[in-house]
Amino acid sequence: MNPKPQIVTVPETSPGIPAIEVHDLTVAYRTQPVLWDVDLALPEGKLIAIVGPNGAGKSTLLKAILGLVPLVTGWVQIFGEPYERRRSWVGYVPQRESVDWDFPTSALDVVTMGLYGRIGWFRRPSKHHRATALECLEKVGMHDLAHRQISQLSGGQQQRVFLARALAQDARLYLMDEPFAGVDATTERAILTLLKDLRASGRTVIAVHHDLQTVAEYFDHVVLLNMRLVAQGPISTTFNADTLQRTYGGKLTVLTQATEALLAKRSLNSGAKD
Amino acid sequence: MELTFTARNVLIGATLLGALGGTLGSFALLRRQSLLGDALAHAALPGVCIAYLITGTKSPLPLFLGALIAGLLGSLLILATVRWSRIKEDSAIGIVLSVFFGIGIVLLTYIQKLPAGNQSGLDKFLFGQAATLVEDDLKVMAVLGAIVVAFVLIFYKEFKLLSFDREFGSSLGLPMRRMEVLLTLLLVVVVVVGLQTVGVVLIVATLITPAAAARQWTDRLGAMLLLSAGIGPTAGAAGSLVSASMAKLPTGPVIVLVSSSVLIVSLLLAPRRGILWARLRERQVAQRIRRENLLKDLYLLGERKADWETALTWPHLMGVRGQTGGELTRSARPLVT
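Those protein sequence lines, which keep their order, are chains A and B.
All residue numbers for the first sequence refer to this note's numbering, where the first residue is 1 and numbers rise by one.
All residue numbers for the second sequence refer to this note's numbering, where the first residue is 1001 and numbers rise by one.
There may be inaccurate statements among the hints.
As the list claims (entries may be wrong) - Every beta carbon over 12 Å from chain A, so not counted as near; a handful from chain B, in silico:
1) Ser1026
2) Leu1030
3) Arg1032
4) Leu1295
Unchecked claim - If the Cβ cut is set under 10 Å, some of the chain A residues that face chain B in the computed set are:
5) Ser88
6) Val90
7) Val99
8) Thr105
9) Met113
10) Trp121
11) Arg123
12) Lys127
13) His128
14) Arg130
15) Leu134
16) Ala146
17) Arg148
18) Phe162
19) Gln169
Since the hints were derived computationally from the structure, they do not count as laboratory data.
Keep in mind that this is a model prediction, so the values were computed, not measured.
C-beta: ideal position from N, C-alpha, C; glycine also.
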């Protein structure tokens, strides 16, 4: 068997420029504000989790960065330029439930859609494009199922198809909406490996993440969000009982779980040092 | 069979319409906008009436244009309502459909009370009257149809992305909203083309039925489009021949009946998605499991415990897994012979 295709390293951008800078961002659905005055500066080359309770505006933040929802105020810059000029640098993995998986198309076909921006108008995907798409499926361990109709894939496999489609975009910065939601253990491992490979190649991943127990283990950086920005920064300084309390308020069950996870990880770390 | 001139026109018109409806209907079906075509057809009626009132003629081109403009207006109104108000798409479709159709019926009644009105023949747009198709109509249909097919071929990949994952398309920088407007406009054109043949009320069937039948047989969008664009004209041709061979059978409804028959067969028999097909597979699998269980039971009791006396008694075998005698007989029969 061929060795797994490698993710090509991206050249460094000018140091000091954040991958994403969001300033004074307010988004409202009709009269109901969902994000208030969010200021963010997220570093390049990190795995960054966006964490917060339901309705905190996590998905909306991703969509606002992608220009998919209108902004009431504020601006977004990707590597120091407005999004319109950096579009090809950004890859997107929407929530799995956002599409109809009974659509008559194959896994390979969906991944090829990641290339549509590059293929351009009036042209059909060529053999070369299909080969690229197949390579992306291989990177998520799905090349055997390339020609399966997408409804015949498990939830985890569907999620990997979406990730492969984002890989086909060959972006520097990936925005992922709950990539770990409802996936099997194999997929969870595959996604984690992929995220680490992306980071090793100099890419940046920003993912909405719902499982507080794995935040510290999977990510380098965290953005705590509850309509307003609660905190942002490296896990070691930012992800603690105090910031979680401020993000989740009185929802104790979640907090207890998270605190337990934190304590467990700390004892694990100290154990390793001994 | 010798075809009269009229029958020949009807055959060509119905075949053309079937191909166009089948193609555009596939996208409408996948985008869950099956009723949009219905609304557009109803919305076109007042356009036909107003065009007649202004020009005073029933020549095809002005009536076509009237229907086209009213249909476009209706479709844009639906898109705008969904975008700017809190009304959901199904309600917006319902509102536009009934309001426009209401206006259309009022105008139609008014026209029929005019001195020359009862000869206008506009009521043919309600239920369609394919026999009134003349060669000029066919020319207009052919030109508009060619334009529609050309657009679908050119923007196939964008329409596919729009139908599957619109937000992802927007994130790639593709103008998904403009694509949606374009696809809706093409749907309006097809609906208007079909008005005279099958009428306002039944046109939706020429859009949805071939597409729904085609979906049953394939898991590829390209194949589905081709199949749907094949079922449509076949039903159109068959329907028009049937209605030509039997006097007084209206063409439009017969076409709809033919394509509905294709749909029913597809719903029942198509591999994997067909209802009967799935039931049959389920039963086969269940039978196999029961048979294997029976063998397991016999092995455990008969071979391992060497107690064939008990193992082979009916009450015992029924007791192991709580099966009825009938079920056990069915499982045992293929093992015995």
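- Item | Minimum Cβ-Cβ distance from arginine 1032 of chain B to chain A exceeds 12 Å | Since the minimum Cβ distance to chain A is about 8 Å, arginine 1032 of chain B lies within 12 Å and the statement is violated.
- Item | Interface hint for leucine 134 of chain A, Cβ within 10 Å of any Cβ on chain B | violated (17 Å)
- Query: Holds or violated: lysine 127 of chain A as interface residue toward chain B, Cβ cutoff 10 Å?
  - Reply: violated (15 Å)
- Query: Can we trust that leucine 1295 of chain B is non-interface, i.e. its beta-carbon lies farther than 12 Å from all of chain A?
  - Reply: holds (30 Å)
- Message: Next item in the hint list is tryptophan 121 of chain A. Is there a CB on chain B closer than 10 Å to its CB?
- Response: Holds - the Cβ of tryptophan 121 of chain A comes within 10 Å of chain B, reaching about 8 Å at its closest.
- Task: Report holds or violated for the interface hint on valine 99 of chain A, using the least CB-CB distance to chain B and a cut-off of 10 Å.
- Result: Result: holds, 5 Å to nearest chain B Cβ.
- Query: Is the shortest C-beta separation between threonine 105 of chain A and chain B less than 10 Å?
  - Reply: holds (6 Å)
- Task: May I ask you to check that serine 1026 of chain B keeps its beta-carbon over 12 Å from the closest beta-carbon of chain A?
- Result: violated (9 Å)
- Query: Taking the closest Cβ pair, is serine 88 of chain A under 10 Å from chain B?
  - Reply: holds (8 Å)
- Message: A cut-off of 12 Å on Cβ-Cβ distance, and leucine 1030 of chain B was said to be off the interface with chain A. Does that hold?
- Response: Leucine 1030 of chain B not clear of chain A: closest Cβ-Cβ about 6 Å, inside 12 Å.
- Message: Is the interface hint satisfied for arginine 130 of chain A? The criterion is a beta-carbon contact with chain B at less than 10 Å.
- Response: Status violated, d = 13 Å.
- Query: How about phenylalanine 162 of chain A: closest beta carbon in chain B under 10 Å, or not?
  - Reply: holds (9 Å)
Consistency with the previously given hints fails for numbers 1, 2, 3, 12, 13, 14, 15 and 16, ordered from lowest to highest.
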